Every structure is written in C-alpha cells, then in structure tokens.
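Participant: Residue numbers (the numbering used here), protein chains in the order written: chain A, 1 to 349; chain B, 350 to 454.
Please note that a few of the clues may not be correct.
To be verified - Only part of the chain A face toward chain B is listed, based on derived beta-carbon distances under 8 Å:
hint	residue
1	Gln26
2	Lys28
3	Asn327
4	Lys346
Unchecked claim - Keeping only pairs whose Cα atoms sit at most 27 Å apart, straight-line, the calculated DSSO-like set for lysine-lysine is:
hint	chain 1	residue 1	chain 2	residue 2
5	A	Lys63	A	Lys112
6	B	Lys356	A	Lys204
7	A	Lys237	A	Lys349
8	B	Lys450	A	Lys349
What the hints contain is simulated information worked out from the structure, not anything from laboratory work.
For clarity, every value in this text was computed on a predicted model and none was experimentally measured.
Ideal placement from N, C-alpha and C gives every residue a C-beta, glycine not left out.
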Amino acid sequence: MTKSKREMVPGVGLDVGTANIVVSRQCKNGDFVSKTCRNMLFEIPISDESSDLLERGNYLHAKCDGKFFVIGKDALNLVNALGSGEVVRPMKDGLLNPELEQSQELLFHIIKALVGDPVVENEPIRFSVPANPVDNSEMNNMFHQMIIQSFLSSIGYDASPLNEGMGVVYDCNPVMDTEGGKINLTGFGISMGGGMFNVAGSYKGLPICEFSVTKSGDYIDRQAANATGTPISKVTKIKENDLDLNNVDFSNRVVAALSIYYDETIRRAISNIKNELSKTDREFEGPCEIVLAGGTSMIKGVSDKFKDILSKDDIPFDVLSVRMSENPFFSVAQGMCLRARSDWEKRSK
Amino acid sequence: MRWLIRKVVKLIIEALLELDEFDRVVDKIASKIAVTVAPVGSQPEKARVATSEYRDDIDSSRALADVIISGTDKVEMSEISDEDAVISSGEGRGDVMDMLKGIGD
Numbered sequence: 001m002t003k004s005k006r007e008m009v010p011g012v013g014l015d016v017g018t019a020n021i022v023v024s025r026q027c028k029n030g031d032f033v034s035k036t037c038r039n040m041l042f043e044i045p046i047s048d049e050s051s052d053l054l055e056r057g058n059y060l061h062a063k064c065d066g067k068f069f070v071i072g073k074d075a076l077n078l079v080n081a082l083g084s085g086e087v088v089r090p091m092k093d094g095l096l097n098p099e100l101e102q103s104q105e106l107l108f109h110i111i112k113a114l115v116g117d118p119v120v121e122n123e124p125i126r127f128s129v130p131a132n133p134v135d136n137s138e139m140n141n142m143f144h145q146m147i148i149q150s151f152l153s154s155i156g157y158d159a160s161p162l163n164e165g166m167g168v169v170y171d172c173n174p175v176m177d178t179e180g181g182k183i184n185l186t187g188f189g190i191s192m193g194g195g196m197f198n199v200a201g202s203y204k205g206l207p208i209c210e211f212s213v214t215k216s217g218d219y220i221d222r223q224a225a226n227a228t229g230t231p232i233s234k235v236t237k238i239k240e241n242d243l244d245l246n247n248v249d250f251s252n253r254v255v256a257a258l259s260i261y262y263d264e265t266i267r268r269a270i271s272n273i274k275n276e277l278s279k280t281d282r283e284f285e286g287p288c289e290i291v292l293a294g295g296t297s298m299i300k301g302v303s304d305k306f307k308d309i310l311s312k313d314d315i316p317f318d319v320l321s322v323r324m325s326e327n328p329f330f331s332v333a334q335g336m337c338l339r340a341r342s343d344w345e346k347r348s349k
Numbered sequence: 350m351r352w353l354i355r356k357v358v359k360l361i362i363e364a365l366l367e368l369d370e371f372d373r374v375v376d377k378i379a380s381k382i383a384v385t386v387a388p389v390g391s392q393p394e395k396a397r398v399a400t401s402e403y404r405d406d407i408d409s410s411r412a413l414a415d416v417i418i419s420g421t422d423k424v425e426m427s428e429i430s431d432e433d434a435v436i437s438s439g440e441g442r443g444d445v446m447d448m449l450k451g452i453g454d
C-alpha cells in the first residue's frame, strides 16, 4: 500500500464500526483509496495548557460544549502517555452509544470529515449496518440505520444501508466449488468488529442469511482488563502489538487473558453460527469459502484459531477453506464502495 | 400575576380533561415533545422508545436525526489530512462488479 491522491469515480463505501470508521472510494484505475479514523474520544477540559498541548502535539481534536475531545488514535496515544483516564466510544456494541453525551454530534462530524463532499450530485454511498444479533433480542439496528441514512442524505449523498458481512463478501469474493466450476460471491463473509461478529451468507451475490453475534473485540479487551486490573487502553495496545494466538506468552498476564477471551469469543461465535444455520433447510451444491475480515481478525493467529475451532464443530455445510481478507481492515468499506459504484452505474445507464 | 397564570392553566387543563379527545391531543403533543426534547440528552435509545410509542418510527428517526445533525454545527474540529489516505489494489474486482450490476436493490 502507498499514499497518494488520485481522481475518484462516483460511489462511496462507508464502514461505521464500533472501533473504527473507514471510508473507501475507487480511482479510475480501480485502486481503492481509503481513509480511516479510530472511533474513540478522550475528553479534556478546556484550558490554556490543554489548548497548547493539542496544538503543539498536532492532535486531531474537536471543541464541543465547552470541552476538548481528542479524536481517533491520538485519543488512545494521549491516554497512554498521560497514564490516567480512559477513552470513550461514540458507538457501543455496533450501534450509537446512548451513554455518551455529544456522541452523535461528534460521530457525524468525524464521518463528514472523512467522507467529504459528493463528487457528483446525489452520489451513491453505501454504509454498513450490523444485522440484528441472535444472542440479544433487545438490540435493534433500525434507529442506528435511519439516523445515519438521514445524516448522509443531509450532506448531499444518496445513502443506502448494506449489511456489514455482505461488504466482506463483495470485497473478498468467496466461492463455492461445484462440479461445474467455481461460483463467485457464494459463501460466507464474517466481519469481526469491535462490537459484534457480523455474518452474511451469499449465493451469487444475493444475501441468503444475515445475523450478528454480540461481544467481540471490545468485550475481549474489557474482560482482559477486568481480569488483570489493567486499563482498557493499555490492554488494547498490548493486544495490537504483542498478541499472537499461535504463540501465546503465558508469562504475560494480559496476553494470557486476551488469548483466553479470544478463544471463548470465537468459540461462542461459531456455536451461534452453527445454531443459526441449522434452523434452515438450506443446501449448497458444494463446499463454500469463509472469509474473515475486520479489526478483531487482524491479530496474528486468528484465522488458525477459527479453523481449529471450526474443525471440531459440526456446522451444516461443507467448508472449502477459511481465509483472511487481503485487506481485513478495509474490506467492509471496499465492499460497500463496490456496491455503491454498481448503484451509480445502474443509475447512469 | 403568576397566581393568575397558574389559575388559567389549571382551568384549561380541567376543561381539557372533560374532552373525549384529550388523550389523543396529549399523545400528539407528547409525540412532538418526545422527538424534539429526547435527543438533547443524546440518549437515542430513550428517544427511540419515546418516539416508537407514537408511531411513525421512520419519520421520528428522521426528525431526531435533524436535531442531532444540527448539533454538529456547534462542533469545531481540526482537519483530517488527505495525506493519511491509504491506497490498495482493486485488482480482480471486475467479475464482482459484473455480478453486482445484475443484483437489484
């Protein structure tokens, strides 16, 4: 991957995740250009000192309701540098965080800064929405979906929601192996995000099942933090830098706790996937691929752990392979972008 | 003066209580208040509960979105640099695009 600026074609993909917001567009030569911001904030009171700190440190920040909010990875870096306080999330468990004042205002401001202005009038944008969870009947994504759609429309886009797991399917093109050859866009896309595991089954690009399982990356961090008495922001940093599920250093208490909760989380997700798929009589003509993406999938050894647990479970279809997305962090947004581009091309005919 | 206003309000409420349509009127007023007031505390789940009782969820969410979106005007934010954009290859997406063109909304 390189950094550069190019001419874009109409059609935007937006992944509004609990942990990260990612925006992808495509250049005329087909390359994806993606921008991202960690979906986290650190609140500090306004003073001459804090103002000076933010300016000198070139921290991405916002001023709102008489407070400064340091935004994105700068928030995490600052909390770890100060050694006190905690980052807060505008979103929780895949949806807008109802506990945080100013969360929507700040979230929308971050989205607006990342998405920018439409390149054509009513430019299509596809934004990710989680499927309703199978393990928490009280959670519902309708409010979240409506409010983001209204916001994007208000800044000039033709906005439509798309299931997060289908974003992985469109970007990674899982295949089904049949006697007649390989069938594209047929298999499963799993987005392992900060708040949820989102699962989508696709047959030739059409969604055949969509559901989510709660408790994902943030849950792993919270549990490891509770078990070891370590601040969550520090646990997150250790997870991203030191954790290797194929080679766990059990002398490190935080790494050991993270490994245990990763195992438990993947096991629970696979069990829910199995239960959900067993409810239907669906039959595939051949073995299908499963593709993993999302920030929580990016820890070393996750796909091996997934394969290992999957091989010991009896899921109701034959698995051709389990593979990682080539760009797990950007996959959902890139898949959204491809769908938005096809919306544009259909409209332009 | 305050005593007089209180007295008049009390009389109006007592008169309204005798009307058959009082509940409907209160519901209508409450639905508008719920949509407008609930998001001030930035608690969308509560707002959703409040508005869903008065139907139409979609319109309510749109109204709620308008209130929240107007709140972004009070935010002053430093710029996200274009320099941080990441380029990745779009190779092999041609087949997918062809299939997506055949899929409806």
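Participant: Going straight from one Cα to the other, do Lys450(B) and Lys349(A) come out at no more than 27 Å?
Facilitator: holds (11 Å)
Participant: Taking 27 Å as the top limit, are the C-alpha atoms of Lys356(B) and Lys204(A) close enough?
Facilitator: Answer violated: Lys356(B) to Lys204(A) is near 70 Å, above 27 Å.
Participant: Closer than 8 Å between Cβ atoms is the bar; does Lys346(A) clear it against chain B? Give me holds or violated.
Facilitator: holds (6 Å)
Participant: Does the alpha-carbon distance linking Lys63(A) and Lys112(A) stay inside the 27 Å limit?
Facilitator: Roughly 16 Å between the alpha carbons, so the hint for Lys63(A) and Lys112(A) holds.
Participant: Is the shortest C-beta separation between Asn327(A) and chain B less than 8 Å?
Facilitator: holds (5 Å)
Participant: Run the distance test for Lys237(A) versus Lys349(A): straight-line Cα separation, threshold 27 Å.
Facilitator: Roughly 48 Å separates the two Cα atoms, so the pair is violated.
Participant: Hint Lys28(A) vs chain B: min CB-CB distance below 8 Å?
Facilitator: violated (10 Å)
Participant: Grab the minimum C-beta distance from Gln26(A) to chain B and call the hint holds if it beats 8 Å, violated otherwise.
Facilitator: This interface hint holds because 6 Å falls under the 8 Å limit.
Of the numbered hints listed earlier, those contradicted by the structure are 2, 6 and 7.
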